[in-house]
Amino acid sequence: MIKLIEANAGAGKTTTLINVYIKLLEKYHPDNIAFITFTEAAAAEIKTRIRQKLKAIPQFQKYLLLLPSAPIGTIHSFCLELLRKYGHKLGFISLDTEIINELKKEKLLDKAVTETLLQFQSKNSQKLHQLLSKIDFDGVSALKDLMKNLKHAISERTRFIGYKSSIEEIVKNVENMFKELPLSAIPNTDVEFDLSKAETKENFQKELEVSKILYELTFKAINNYKKLLKEENAVDYDEILERTLELLHLDNPKSEILNQIKVLIIDEFQDTDPVQWKIVKELHRENPNLLIYLVGDPKQSIYRFRSADIFVWNEAKSISTEVTEKTENYRSAENLLSFFNLFFDHLFNKKYHGFKAEVLFKPFTKTEKTEPKGSVEIIVFRERKERELFAETAISKALPFAEKGTVGVVARTWKSLKIFEKKLKENGIDFTYLSSSPFKAEGLKELLHLLKWLSNPEDKKSLFFFLSSRFIGLSHEQSLKAIIKKEIPELLQETLKTIENALSMKNKELHSALIVHLINKLKILDALHLTDPDSYIAILELISETFFFESSEPVAFEELTEYIESLINSNSSGSTGKNVPEKGFILTTIHSAKGLEFDSVILVPWRPNNRFGRFIFSNVGATVKLFSQERDNPNTSPYHFMLKTVNRFLNELEEKNLLYVGITRAKKQLILGAFPEGKQNNAFKIGGFVFERKDFTKYIQRPKVQVIKPIDEDREEPIIFDPDNLKMKKFERVTPSSLEEVEIKQEKPSDRKNRIAPEIYGTIVHALCQAFVKGASLEKAIKFALSSLTFPPKELEERLKEIYKLLEENYPFLKKGKSEIPFIFREGNTIVKGQIDLILPINRNEAEVWDFKTGNYSKEKVQIYKKQIELYAKAVKLMGYEVKRGIIFFIDQNRTIEIPIS
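Residue numbers (my numbering): 4 to 905.
None of these hints come from the bench; they were simulated from the model. Just so we're clear, the structure is a prediction, and the values are computed from it rather than from any experiment. Please note: incorrect hints may appear among the correct ones.
To be verified - Below, a list of computed lysine to aspartate or glutamate pairs in the EDC-like style, where the Cα atoms sit at most 20 Å apart:
no., residue 1, residue 2
1, Lys372, Asp602
2, Lys88, Asp34
3, Lys818, Glu782
4, Lys500, Glu461
5, Lys257, Glu84
6, Lys147, Glu178
7, Lys862, Glu901
8, Lys126, Asp34
9, Lys418, Glu406
10, Lys200, Glu219
11, Lys463, Asp602
12, Lys6, Glu289
13, Lys804, Asp895
14, Lys284, Glu84
15, Lys818, Glu805
16, Lys448, Glu568
17, Lys26, Glu84
18, Lys509, Glu561
19, Lys92, Glu249
20, Lys257, Asp34
21, Lys230, Glu318
22, Lys786, Glu565
23, Lys500, Glu548
24, Lys58, Asp34
25, Lys671, Glu331
26, Lys233, Asp148
27, Lys110, Asp148
28, Lys233, Glu109
29, Lys151, Glu118
30, Lys215, Asp254
31, Lys869, Asp895
Said to hold, decoys possible - Derived CB-CB ranges, DEER-like:
no., residue 1, residue 2, range
32, Lys464, Glu337, 32 to 40 Å
33, Leu121, Lys175, 55 to 63 Å
34, Phe222, Lys175, 38 to 46 Å
35, Lys107, Gln62, 47 to 55 Å
36, Lys126, Glu172, 20 to 28 Å
37, Asn459, Leu121, 42 to 50 Å
38, Leu146, Asn352, 23 to 31 Å
39, Glu43, Val143, 15 to 23 Å
40, Glu234, Ile486, 29 to 37 Å
Beta carbons: idealized from backbone N, C-alpha and C, even for Gly.
Construct the complete structure from the given sequences, taking the supplied hints into account.
Below you can see the structure in the form of structure tokens.
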């Protein structure tokens with residue numbers, strides 16, 4: 004008996020499942036109820052909530068001790084337990100079989116693919132040449148591309164490969180789906196696509212021959228890989244599923260399993276792949292009385308890249324004994340539900356064509372717990388010109404929710420969150436990266452060892468760890484010999500030379516450029532692209548983060564390395580689990596936000612990426628484009644054209660689901676970003692979908708500058724205006740290092756600064772002055788000023804002592820002032836932002852503005868700094884003070900220049 008529960012977002016699905024589980028305990032023992040979750044984190048949450056329920060029910064408290072070992076977990080943990088319990092005696096698994104790690108898996112993938120190609124070449128060299136010539140005219144590139152995709156096919160083999168009887172069946176399936184597509188899904192071409200044409204038929208047969216070679220190679224590679232796994236006495240996650248399916252085909256273990264499993268509950272069923280579904284069907288086929296609960300929401304199917312298959316949901320629904328639909332929403336406020344029903348009706352129902360992978364939207368219904376009110380705004384902005392303005396507007400509108408609860412800034416990719424990270428930092432607002440943090444991946448930790456050694460060449464420990472990492476691949480013994488005895492394998496001499504040369508480039512260019520140079524030279528990204536995509540993305544994010552960090556403030560390489568290390572180790576930069584903070588801004592992707600909720604959601608808009616190369620692999624099929632010179636004629640490569648079109652449409656359906664998941668995370672406020680569309684801007688677009696403005700008039704807003712105040716109460720609040728439709732202009736501080744633009748000779752750093760760059764020296768001295776004004780002791784002030792340097796020169800520390808004593812003896816009155824005051828004010832048609840070194844009150848109504856400068860005095864500098872002082876004075880006047888004069892304080896020469904303010 005199969006009971007399928009289709010539950011809208013926010014319908015209390017988890018609560019429903021827990022109630023079902025508790026009810027089942029009246030009839031079944033916990034060992035007889037298998038509860039399958041999508042992640043181990045979800046399983047832990049389910050167990051916790053069941054435990055809380057059991058404590059309140061006297062007759063079920065006896066099960067509390069059994070709950071930790073109850074079969075509640077992922078499909079892989081469920082199958083692994085079956086293999087260990089029932090497959091051990093039959094040789095499916097041994098007690099010491101290990102789940103292979105990514106590093107070892109990559110080695111086996113390399114070996115399997117290489118052996119397959121060598122074997123195939125020795126017997127079918129002409130076939131291999133035929134395939135490679137279609138992939139790319141460059142034979143080397145073609146071979147690399149083929150190897151990459153064979154590895155991908157092995158890693159994703161449960162998607163479809165090996166579970167179709169023949170290449171003809173796969174091709175026929177693609178052809179049938181193509182014929183069922185709506186006309187709007189087929190791209191406009193100058194040539195009408197016609198499968199019945201003689202030329203098209205001939206090309207189709209040619210493609211079929213090439214595809215047969217591709218599939219033959221793929222099957223051989225998969226089999227070789229599986230043999231290697233067996234030799235290593237190891238399994239990967241796909242192998243666990245495959246072996247379980249084989250086990251269930253044997254009568255004796257299957258009957259034992261069915262004697263144990265009386266109930267099967269599967270949460271997030273829309274994310275099930277074909278092999279997982281085959282396992283469920285096999286259990287059901289042998290015992291139709293097995294009670295199966297399938298629970299999910301097809302509109303939340305967003306894991307196609309992880310093998311999730313919406314066709315599985317449709318098949319399960321068609322054979323279910325009972326189908327229940329839950330449309331009530333316990334999460335979102337009343338106004339949000341009204342918007343959801345309007346928006347998703349347009350997105351799903353009015354764009355519905357009846358294709359078998361499409362789903363309809365059933366309107367949300369209110370409950371007794373639905374809160375009144377709630378707010379929704381669609382902010383339409385120009386993608387390139389107004390990105391920053393959109394971020395500032397959205398942050399301002401969501402700020403009240405961040406002070407009392409959570410604001411989820413939700414985007415399609417981590418890269419799209421960068422603009423929000425930048426704006427939050429600029430305004431001193433705390434934020435958190437949630438879940439799959441881009442700074443938690445293993446590859447970033449390995450790269451950090453290299454950066455730490457570059458920061459300190461005496462750090463042999465970091466060098467050892469880097470040489471032993473997968474980027475270099477030396478054994479521990481080889482690494483020790485390389486460091487201590489300088490015994491370097493010949494193949495690695497060039498690599499180590501590259502690393503040592505990087506030392507000479509340090510602090511001579513942008514650090515992000517140095518990191519890019521290193522990862523390109525060492526081919527780090529190439530190594531990670533297929534084997535560890537999380538690390539691949541993490542390093543790309545690191546480059547972007549490094550650039551933003553050093554653009555906002557010049558730093559030494561050592562300081563940057565410490566900053567990167569803090570990103571990796573600090574919980575504030577990301578969380579490996581889904582432990583949502585109680586307050587503040589949370590930056591996350593749609594995939595990571597699934598299953599969560601926020602008081603306010605800012606959904607960052609995106610444009611879909613539907614690029615396909617000449618080589619396609621997906622859960623629908625695989626192919627190589629036959630003819631590349633006639634791009635716009637689909638008849639020249641019909642199978643490629645059909646598969647590409649089907650994939651594009653399936654991607655479009657998933658884009659709908661991504662929008663659905665992102666929007667429905669909101670409880671009280673939704674801010675939806677969108678791009679203008681149409682010649683008259685009479686529509687807006689997000690995720691590739693166009694909506695008419697007239698249907699959403701009451702929700703649409705333009706971005707505008709808002710009041711942004713830091714959440715941190717200890718910071719000084721800036722002066723803010725609220726002008727409409729103004730451009731943003733960041734007020735940049737003038738530093739000695741920037742004066743080359745006005746052709747002023749730059750003085751060389753003195754010896755006692757030990758060759759510290761002028762901008763870094765200036766930052767350190769400013770930090771010392773800030774600490775002095777706040778009343779810090781000599782020791783604390785110096786420690787604060789030097790905290791940005793890992794190994795500060797002794798001479799620099801002595802220089803700071805001199806400056807502190809100078810301030811203490813001659814300028815003790817500065818402690819009455821306030822330092823590092825941020826401000827924003829209107830000037831003409833722009834907003835000017837900046838930070839004042841010191842405001843010194845003279846009396847209740849008057850104040851002086853001080854600007855601390857390092858380096859030597861010159862008249863040219865004074866003229867430039869004078870403009871800066873005048874802007875500071877204007878900001879202070881807006882704070883309610885009269886400013887009679889400004890002071891430029893050349894600290895190194897103990898010289899003050901008075902600037903009269905009119």
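Right, here's what the structure says about each hint:
{"no.": "1", "hint": "Lys372 to Asp602", "result": "15 Å, holds"}
{"no.": "2", "hint": "Lys88 to Asp34", "result": "13 Å, holds"}
{"no.": "3", "hint": "Lys818 to Glu782", "result": "17 Å, holds"}
{"no.": "4", "hint": "Lys500 to Glu461", "result": "17 Å, holds"}
{"no.": "5", "hint": "Lys257 to Glu84", "result": "14 Å, holds"}
{"no.": "6", "hint": "Lys147 to Glu178", "result": "29 Å, violated"}
{"no.": "7", "hint": "Lys862 to Glu901", "result": "13 Å, holds"}
{"no.": "8", "hint": "Lys126 to Asp34", "result": "53 Å, violated"}
{"no.": "9", "hint": "Lys418 to Glu406", "result": "25 Å, violated"}
{"no.": "10", "hint": "Lys200 to Glu219", "result": "28 Å, violated"}
{"no.": "11", "hint": "Lys463 to Asp602", "result": "48 Å, violated"}
{"no.": "12", "hint": "Lys6 to Glu289", "result": "17 Å, holds"}
{"no.": "13", "hint": "Lys804 to Asp895", "result": "12 Å, holds"}
{"no.": "14", "hint": "Lys284 to Glu84", "result": "19 Å, holds"}
{"no.": "15", "hint": "Lys818 to Glu805", "result": "18 Å, holds"}
{"no.": "16", "hint": "Lys448 to Glu568", "result": "8 Å, holds"}
{"no.": "17", "hint": "Lys26 to Glu84", "result": "25 Å, violated"}
{"no.": "18", "hint": "Lys509 to Glu561", "result": "10 Å, holds"}
{"no.": "19", "hint": "Lys92 to Glu249", "result": "14 Å, holds"}
{"no.": "20", "hint": "Lys257 to Asp34", "result": "17 Å, holds"}
{"no.": "21", "hint": "Lys230 to Glu318", "result": "33 Å, violated"}
{"no.": "22", "hint": "Lys786 to Glu565", "result": "16 Å, holds"}
{"no.": "23", "hint": "Lys500 to Glu548", "result": "27 Å, violated"}
{"no.": "24", "hint": "Lys58 to Asp34", "result": "18 Å, holds"}
{"no.": "25", "hint": "Lys671 to Glu331", "result": "16 Å, holds"}
{"no.": "26", "hint": "Lys233 to Asp148", "result": "27 Å, violated"}
{"no.": "27", "hint": "Lys110 to Asp148", "result": "18 Å, holds"}
{"no.": "28", "hint": "Lys233 to Glu109", "result": "15 Å, holds"}
{"no.": "29", "hint": "Lys151 to Glu118", "result": "14 Å, holds"}
{"no.": "30", "hint": "Lys215 to Asp254", "result": "35 Å, violated"}
{"no.": "31", "hint": "Lys869 to Asp895", "result": "19 Å, holds"}
{"no.": "32", "hint": "Lys464 to Glu337: 32 to 40 Å", "result": "59 Å, violated"}
{"no.": "33", "hint": "Leu121 to Lys175: 55 to 63 Å", "result": "32 Å, violated"}
{"no.": "34", "hint": "Phe222 to Lys175: 38 to 46 Å", "result": "18 Å, violated"}
{"no.": "35", "hint": "Lys107 to Gln62: 47 to 55 Å", "result": "48 Å, holds"}
{"no.": "36", "hint": "Lys126 to Glu172: 20 to 28 Å", "result": "25 Å, holds"}
{"no.": "37", "hint": "Asn459 to Leu121: 42 to 50 Å", "result": "45 Å, holds"}
{"no.": "38", "hint": "Leu146 to Asn352: 23 to 31 Å", "result": "48 Å, violated"}
{"no.": "39", "hint": "Glu43 to Val143: 15 to 23 Å", "result": "42 Å, violated"}
{"no.": "40", "hint": "Glu234 to Ile486: 29 to 37 Å", "result": "34 Å, holds"}
This entry does not satisfy hints 6, 8, 9, 10, 11, 17, 21, 23, 26, 30, 32, 33, 34, 38, 39, going by the numbered hints stated previously.
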